[in-house]
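K.L.:
Protein chains in written order, with our numbering: chain A, 1 to 318; chain B, 319 to 980.
These are computed hints drawn from the structure, not numbers from a lab. Check the hints yourself; a few may be wrong.
[Unchecked claim] Taking beta-carbon pairs under 8 Å as the criterion, some of the chain A residues facing chain B (in silico): (1) Pro-45; (2) Glu-51; (3) Pro-64; (4) Glu-67; (5) Asn-276.
Heads up, the beta-carbon is just placed ideally off N, CA and C, and yes, glycines get one too.
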Amino acid sequence: MSLQRFILKRAVSVIPIMFGVSVITFGLFHLTPGDPVTQLVALNPDVSAAEEAALRERWGLSGPVWEQYLTWISNVLVGDFGQELRTGREVSAIVWRRLPETIALGLFGWAFALVIAIPAGIYAAVNKDQLGDTVSRFVALSGISIPNFWLGLMLILIFSLYLGLFPVLPPSRQPLYHPDMLWYLILPGITIGTASAASIMRVMRTSMTEELNKEYVTAARAKGLPERTVILKHVLRNSLISVVTLAATLTASIVAGSVVVEVVFNWPGLGREFINAINQREINVVMAITLFTGFFVILANLVADIVYAALDPRIRYD
Amino acid sequence: MPSRHEESGDSRTINRRNVLTTIGAAGAVGLAGCGDQSGSGDGGSGDGSSDDGSGGDGLFPLQVQLEVNADNSDRVQMVELIAESMEQTEYFETQIETYEWNTYVGRVLDPEYQNNGYVPCIGLSGTFNPESFCNALHHSDNVGACCNLNGINDSELDELMDSARYGQEVAQDNALRAERYDEVWNYLAEERYSSITHFDLATSVSNTDVHGFEMWPFQEGMYSYNMFAPQDEQIMWIDRDTAAGDSELSDLVEGGTLSIAVGANIESFDPPHSSDTTSTLAQNFLFEGLVANDTEGNIYPWLAESYELLDTTGIDRTAYADYMSTVGTTEDGIVDTDEQIIVQHPEDNPAEDDEVRVLLPDDAVEAAEDGTYGMHYRYSLQEGVEFHNGDEMTAEDVVATYEYYENSQLAPQTFDSVLTAVEVDEYTVDVYAQIADAEAERELPGILVLNANQLAEIEKGSLDPREDNVPIGTGPYEFAEFEDEQYYEVTKSDSYWVEQQGVAEAFSWFDGSDAFPDGPVIDGFEVEIVPDDSTRSGALQNGEIDSTYGLNSSTLDDFDSSEDYLVYGVETGGYEYIQYPVNVEPFDDPRLRQAINHLIPRQAIVENVLNGYGRPAWTDLPELAQGSGTADYDALEDEIRPTNEYDPERAAELLEEIAAEN
Chain A
1 MSLQRFILKR AVSVIPIMFG VSVITFGLFH LTPGDPVTQL VALNPDVSAA EEAALRERWG
61 LSGPVWEQYL TWISNVLVGD FGQELRTGRE VSAIVWRRLP ETIALGLFGW AFALVIAIPA
121 GIYAAVNKDQ LGDTVSRFVA LSGISIPNFW LGLMLILIFS LYLGLFPVLP PSRQPLYHPD
181 MLWYLILPGI TIGTASAASI MRVMRTSMTE ELNKEYVTAA RAKGLPERTV ILKHVLRNSL
241 ISVVTLAATL TASIVAGSVV VEVVFNWPGL GREFINAINQ REINVVMAIT LFTGFFVILA
301 NLVADIVYAA LDPRIRYD
Chain B
319 MPSRHEESGD SRTINRRNVL TTIGAAGAVG LAGCGDQSGS GDGGSGDGSS DDGSGGDGLF
379 PLQVQLEVNA DNSDRVQMVE LIAESMEQTE YFETQIETYE WNTYVGRVLD PEYQNNGYVP
439 CIGLSGTFNP ESFCNALHHS DNVGACCNLN GINDSELDEL MDSARYGQEV AQDNALRAER
499 YDEVWNYLAE ERYSSITHFD LATSVSNTDV HGFEMWPFQE GMYSYNMFAP QDEQIMWIDR
559 DTAAGDSELS DLVEGGTLSI AVGANIESFD PPHSSDTTST LAQNFLFEGL VANDTEGNIY
619 PWLAESYELL DTTGIDRTAY ADYMSTVGTT EDGIVDTDEQ IIVQHPEDNP AEDDEVRVLL
679 PDDAVEAAED GTYGMHYRYS LQEGVEFHNG DEMTAEDVVA TYEYYENSQL APQTFDSVLT
739 AVEVDEYTVD VYAQIADAEA ERELPGILVL NANQLAEIEK GSLDPREDNV PIGTGPYEFA
799 EFEDEQYYEV TKSDSYWVEQ QGVAEAFSWF DGSDAFPDGP VIDGFEVEIV PDDSTRSGAL
859 QNGEIDSTYG LNSSTLDDFD SSEDYLVYGV ETGGYEYIQY PVNVEPFDDP RLRQAINHLI
919 PRQAIVENVL NGYGRPAWTD LPELAQGSGT ADYDALEDEI RPTNEYDPER AAELLEEIAA
979 EN
C-alpha cells in the first residue's frame, strides 16, 4: 500500500473515532449532575421555577439527551460549534483564541522532554547498571511520580519567590509571539514536560539496551567502527521507533497536563478554559475542546506512523 | 461558586468514629473526609460508651442523618463538629452523608426532601435586607425553591415576615419595620426551625503601599468603594514610600496605579447580563447607580440628587388584572412571550393553564399612569453628569436602562419589585413599585445607569469589549483595555462629575472634612485575572500585585503575621445554617430543635474550622443588616444569644423532658 493510501485510510478512520468521542463525552456530561441553569440560579431565591424552565428552553437544554445531541452534532457537521450559553459568545472563537497559548506550551514541554530524555536514555543504556544509570533511573521514576501541580508550585516557590528569576504571573500584556515569552515558558514547560521526559527516557534506555545486545552491533564493533558511530548511527536509529510511538501517545498526556499547569502558572490556554467550562457546565465549550484535543491526539499518532517509515524503511503500510 | 469537585453523584458515608473528638477538648479539628468508605453505620458496636443511653426507651438514642456538600471542606468539618457534639449527649446517633454539589442542590431543593427527616446544611448569601436572613429559609413560598429545604410552613411566621416588609404602613415607617423584624427574630428563637451557625467573613490582603483601605461589606464593591466613598469618608491611595498603618487624610498621595488580582475571568462588562463577583467588581469602576449605600446599608442619593416617596397604596398584584395581556403557554408550562413578564397573575399557573394573564412592560406603563401601583418614587437627577463619551446623563438614560434590564440575568431581581420607570422631564424620573414594600427604597434604584445612545445601537447583552463595544458609564474610571482571561485596565476619567462639581457641592448629605478629596486619587487600576489561589498569593508575596482577595485562611494567617501586609475581614452577609425536618416526628417538637441548637458549638466552629475568619451567629441577624432589621441590635443580641449558646446541660434537660414524656 502506498503512503498516500495509508494516510487516506487513517484519515477516514478518524471519523468513527471522533463520532465515538463526541457521543461518550456528551453522554458523560449529561450523567454529571447539574446543568448551566442550575449553576447560575440554584440558590437564588428571586428566580422562580417558571423562569428557570424558560431559561432551560432558551438554551436548548429542555429536550431529551439524544435530541440535544442530534441538534448539536448536526450543527457541528456544518461547522457551527454553537455559543457559550451564558454569554452567547461563539465557541469556535474562544477555542481559536486559546489554542496558540496551549500549543506553545505543549510544544515547549514536548521539546523539553525529548531534549532531556533522549541523551539521558542513551547515557543510561550505555552505562547500564553503573552509578549514572541508577541515578538517572531514580530521577526518571521521581519525574513520573511527582504530580504536575506540586512540581509547578515548587518551581514557583524556588525560582520565583526565593531566587526571583521569574515572575509568578507571566506578563499578560505581552503578545505570545514576542521572543521574551520564551523565558516565561520555561517553568510551565518544564512542569508539563517532566513526566513525559521520564517515560521517554525509560523507554529509550530499554530499547537501546535491547538493541545493544543484537548481533549487528557486535558486527559493527568487530568491523572496527568507532563506538560513537555504532551508537549514534546504528543503534540510536533502531531504538527510536518505540520512542516515536511513545512521544505520539504522550501528546495526550501533555494536553491533559496543560489543564493543571495552565491554572498554576496562570497561562490563559485551552486547559484553563476547559476547567472553567466544566465548572459552569458550558457544554458547547466542553464538547468543542474535547473534539479538538481528540482530533489533535489522533493526528499526532498518524504523524508517528508516518515517521516510522522514515526511520525504518522496512516498515510497509499494509 | 460552582463546585470544583466533579465526583459522581454517589454519596459517601463518614463513619463517626473517624471524626476526632474535639468538643471540650483543646484545639484540634477532625480532618474532613478522613472517614472510611464502609458505608454502613457502626451501630454503636465497639464504641462501648453509647450503649446505656440515658433515655433508654423507644425515642432515644435518636438516629439523625446530617447532610452536606462534600466540596466545601469547612462546611463538612462544621457538620462533623455538630454531629460529634450531639453524640456526646448519648441521646443521638448521627450519620453524615456528603454529596457532590449539584447532586446536593437538586436533592435538597426537591419538595419531597422534607419527608426524609434529614438535617441538611447549606450556605447562602444575604444582603442589607434583613429578609434575606429569614425569608429564604422559612417562608412557605420557598418550599422546593431556595431555600426552605425542610418544608417549614408556619402561617403565623409567614405573616410576621410579610408584615415586616410588605404593606402600606411598614413601607413608610422604618421604625415599625424594625420592630416587626424584632418579632420575627424572637419568634424564630422560640421555634428554632433552623440554626444559623455563623456569618462568613470575606477577606482581602494588601501590601502596606495601599492606604486607607477598609473592606466593604460586599466584595464586588470592595475596590470601587474604597477608592471613593464620601458616605463613609473612605478614600484609598498609594504611597510606596510610607507604610500604611495609621495614615490620615493629610498624608494622602495622589496618583499611581494599583495592581490587583481577581480570581475569575470577567464574564461580562454588561451590568444586567452578569451576576458574578468579578464582573460586578469591574462594572463598579465604570458605572454608578441612582443611590449608594454605606457600610451599614443606609441609602444615599448619588446620581439622583434627591428622591422622595410620593405615594403608597394598599393594592396587591391582582389589581393589575385589568391591564394584563393574555398569553399562551407551551407544552412545558412556559409562558410563550419574548417580552419581560413584569407581573404574572397570582391565580394563574402556566404549568396547568393554556393561557395566563401577565403584565408586560407596556401594560405596566399604562397601569402606572392610571394610578395603579404599589409605590411611587420620584428621583431628581444630578445635572451636568457626563458619560465617558461626553453625553450628558438625563432621564432618558435612566428609563432606557430599566428597559435594558428586561429579560436579562438580573431581571428576576429587578422586576421582583419594579413596576416601571417613566420620564417626567429631562432630570426627573418616576419609578413605581408593584406593591407597597419597605425594601423598595433600596430595590427600585438597584440599577447601574447606562448610556441610552449606546444601548440603542447594541444587541442586548453585548455591552462588552469582546463584542467590540466599549462599556460607557458615568463612573470615576474609564474602560481602557481588556484581554480575555488575562487582565483589564481602567484609567481615571478626566471629566468625573463629582470631581467637577466638588464633593460638598455634589452631595447635599456630605458632612465630612474639607480635606476629603473631590474624587478618587489613584490614576488607574491594573487587574490581573488569576484563578489559582496560591498563584495569587505568590504574586502578592513577590510584589507583582498590591492586593488580592479570597485566599484561604491558613495563607491569611501567614500574611497577617507579616509586617508587610495588612489583612482585612468583613461580614458580607454570607451565612450557613442547618435546618430541622420539622414535618417528621420527633422534630415537630420545638424542644428537640432547641436542644440540638444548644449543642451547636458556634464559637468552636468559628475558631477551629474557620481559623477565626467568621462570626458566630448569636442572633439570626448579622450586623450588616441591622440598619433596618432591628430597633436595637445590642438589646436583640442580649435577648437571643442565650438561646443560641453552646449549653449541653440545658440541652440534656430538654431532652430528658422529651424522653420522660415518651
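K.L.:
Taking the hints in turn, state whether each one holds.
P.N.:
Right, here's what the structure says about each hint:
1. Pro-45: 5 Å, holds
2. Glu-51: With Cβ-Cβ at 6 Å, under 8 Å, it holds.
3. Pro-64: At about 12 Å, which exceeds the 8 Å cut-off, the nearest Cβ of chain B leaves the hint on Pro-64(A) violated.
4. Glu-67: 13 Å, violated
5. Asn-276: Holds, about 7 Å.
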